[in-house]
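Residue strings, one per chain:
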Amino acid sequence: MTIRSMNTMFAKTAAVLLALVLTTGSSLAAQQGGADDEEAEPAAPTPRWPDGKPIMGSVPGQGVGGWGAGVTTLPRDQELDDIPFQPWARAVYDIRQIDQFEPHTRCKASGASRQFSTPYGTEFVDIPELERLYIMDNGGPNSYRIVFLDGRSFPEDIVPTNYGYSIGHWEGDTLVVETRGLNEKFWIDTRGTPHTEQLKFIERLTRLDMNTMQYQATIDDSGAYTRPWTTIDFNLRWRPGAELFEYICQQANQGPELMLGSQEDVDNTRFFVP
Amino acid sequence: MRRLFVSGATALAARGGTLRAIPSGFCHGLLLILLVAAYASAQHTPGAKFDLNEPLVLTGEVTQIDWANPYVHILMKVPGEPLPALWAVEVDGAIILGDRGWSAESLPFGETIRVEGFAALDGSNQISGNSVIMTSTSGSVYAGTNGTPPARPVASGPTPRWPDGRPRLGPPPGETGYWGNPSRPAMVEDGVNVEMDAYGLLNDIADAGRIAPMQPWAQGVYELRQRMFLRTDPMFLSCKPPGGPRQYQQIYGVQFVEQPDFDRVFVLVGGGNRNRRVIYTDGRDHVGQIGGNDDNPLFYGHGVATWEGDTFVVDMRRFNEDFWFDNGGLPHTEQLQMTERFTRVDMRTLRYEVTINDPWTYTRPWTSTWTLEWIPGQEMPYFLCQDNRP
Numbered sequence: 011m012t013i014r015s016m017n018t019m020f021a022k023t024a025a026v027l028l029a030l031v032l033t034t035g036s037s038l039a040a041q042q043g044g045a046d047d048e049e050a051e052p053a054a055p056t057p058r059w060p061d062g063k064p065i066m067g068s069v070p071g072q073g074v075g076g077w078g079a080g081v082t083t084l085p086r087d088q089e090l091d092d093i094p095f096q097p098w099a100r101a102v103y104d105i106r107q108i109d110q111f112e113p114h115t116r117c118k119a120s121g122a123s124r125q126f127s128t129p130y131g132t133e134f135v136d137i138p139e140l141e142r143l144y145i146m147d148n149g150g151p152n153s154y155r156i157v158f159l160d161g162r163s164f165p166e167d168i169v170p171t172n173y174g175y176s177i178g179h180w181e182g183d184t185l186v187v188e189t190r191g192l193n194e195k196f197w198i199d200t201r202g203t204p205h206t207e208q209l210k211f212i213e214r215l216t217r218l219d220m221n222t223m224q225y226q227a228t229i230d231d232s233g234a235y236t237r238p239w240t241t242i243d244f245n246l247r248w249r250p251g252a253e254l255f256e257y258i259c260q261q262a263n264q265g266p267e268l269m270l271g272s273q274e275d276v277d278n279t280r281f282f283v284p
Numbered sequence: 289m290r291r292l293f294v295s296g297a298t299a300l301a302a303r304g305g306t307l308r309a310i311p312s313g314f315c316h317g318l319l320l321i322l323l324v325a326a327y328a329s330a331q332h333t334p335g336a337k338f339d340l341n342e343p344l345v346l347t348g349e350v351t352q353i354d355w356a357n358p359y360v361h362i363l364m365k366v367p368g369e370p371l372p373a374l375w376a377v378e379v380d381g382a383i384i385l386g387d388r389g390w391s392a393e394s395l396p397f398g399e400t401i402r403v404e405g406f407a408a409l410d411g412s413n414q415i416s417g418n419s420v421i422m423t424s425t426s427g428s429v430y431a432g433t434n435g436t437p438p439a440r441p442v443a444s445g446p447t448p449r450w451p452d453g454r455p456r457l458g459p460p461p462g463e464t465g466y467w468g469n470p471s472r473p474a475m476v477e478d479g480v481n482v483e484m485d486a487y488g489l490l491n492d493i494a495d496a497g498r499i500a501p502m503q504p505w506a507q508g509v510y511e512l513r514q515r516m517f518l519r520t521d522p523m524f525l526s527c528k529p530p531g532g533p534r535q536y537q538q539i540y541g542v543q544f545v546e547q548p549d550f551d552r553v554f555v556l557v558g559g560g561n562r563n564r565r566v567i568y569t570d571g572r573d574h575v576g577q578i579g580g581n582d583d584n585p586l587f588y589g590h591g592v593a594t595w596e597g598d599t600f601v602v603d604m605r606r607f608n609e610d611f612w613f614d615n616g617g618l619p620h621t622e623q624l625q626m627t628e629r630f631t632r633v634d635m636r637t638l639r640y641e642v643t644i645n646d647p648w649t650y651t652r653p654w655t656s657t658w659t660l661e662w663i664p665g666q667e668m669p670y671f672l673c674q675d676n677r678p
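Protein chains in written order, with the working numbering: chain A, 11 to 284; chain B, 289 to 678.
None of these hints come from the bench; they were simulated from the model. Just so it is clear, CB atoms sit at the ideal spot from N, CA and C, and this is done for glycine as well. None of the hints are false.
Derived contacts from chain A toward chain B, CB cut-off under 8 Å, selection only:
| no. | residue |
| --- | --- |
| 1 | Ser68 |
| 2 | Val74 |
| 3 | Val135 |
| 4 | Leu140 |
| 5 | Tyr144 |
| 6 | Met146 |
| 7 | Pro151 |
| 8 | Asn172 |
| 9 | Ile258 |
Start from the sequences and build out the full structure, keeping to the hints where you can.
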């Protein structure tokens, strides 16, 4: 038996036991009423730290787990005309539907909601002692984003980066993460929703139960939109026992010339051979 | 960082003829030191990209600044017939220049600059910016410090510890910081004294055989890589990760995040593409790699660790051969196994001792030791190898 399957089994068993203990009464009622028959095993309730705050990642004593891929696109087709694009941004969006030459395909670190859309998901590594949360990605750049939870304010001059500068605070059971200082070298989602360095990206993360993380984003970018707009809710699904592994995008990338910049179709403002 | 920038470049300009007389394979001695001094250590040794036998002086008008890592580029228009030519001037990276008070705005568009440096090996219109002078002010830009550099914080005090008494590899609660300033640029067997530049390029190629107990083929590979000024480095060519001991040789640092609740330690790598990896302390064996890579040899290998007193001992195996595990280009094979011993001597100092055991490459196991310095109160700089690529 591999460690992975042991961990998975352990986590599943623990989750089921916990769920049984906590929900015996209500599941009896549900059976009688015939509701909730889609979910064979009701998810355990939201795990919490001793101070009552939700645990966003793995639960001590239950082994590690991760969040599956969820958010693939911010606007939906039927909503496109409701998105307050500035004209240039709508044009860029439309072009990107045809020319889907996303920086992520060239192994560029891609922050904001794009971090949640690689096939291998993410892990939330909660370090209460350091008052920060690391959001580790598996696919793409195999990198991480820091969310500061220590009540700090944004620095005056943030040097824009691919993952930006993220600060989180709690609103009830919802972790609200605001990210500023994002550069323009990546797409914030797989559809190519445009953004500028003025973007303030606000994410609302709510762990509804053990297995479900609700995700909603607000795009506040006066450089590309006429007013802030908010996505519908997406859910990330918990993957018990899913450990982080090594994924190096650069290993077998079949487009090394793209990474080196000899392709003339690519953004020609950066044509330097390193 | 070295500060010989301007004087080194001036000396070079005055010795153009001498430079051409240098054998094309390799430089020795003082001249090479001066050349190296022209750059801070960012990604590649100058000879990896530029022809050190081709000094060049150009004057042109600034049209754009590409403010990025690993290197900032100044674009300039150099007058010519029938058309002016667009040239790229390579200077230090955005993090290094930013730390010294420079910004993209330090050199306005339209300014005329005089650049001394070397021509690119590949014949493209690129020049190393060993000296960049604004002709309007005769002032040097992107060299030395611009204004008063911020005070460099220094950590002090005893080794921080967990409640159970074990040393902390990361910050104490409520603090932040990372490990930087590696005391060695590249691996050398303990007890051997050789001089090399900040990228691991030997000052004297005759020292190659002394670096480590290499098998003949391995020494041949190492010498070839050195003679080519490390320009075949997969990290330089295509941003492959700095796996193995090399992640502790990176100038942008490295960070540990310990998670005792889950028996693991994250290593956040400040070089390459800011990868993260995991060292397991839960007693697992080297049975495959978790999560779908069961049989894949890896860039960062598979690491399991235990504590021996105050020393964190990591057993590393299962490396692939797609990267250099050392800045200086020492070779390895998939047979590589390493034992890493981390000892936090005090708050400020982490001693790193690595024993290399790769019987296909080396005639016996050998050990190299260096230290890293705790940079207190700062986050690790955000460096991406691919930053200035399209």
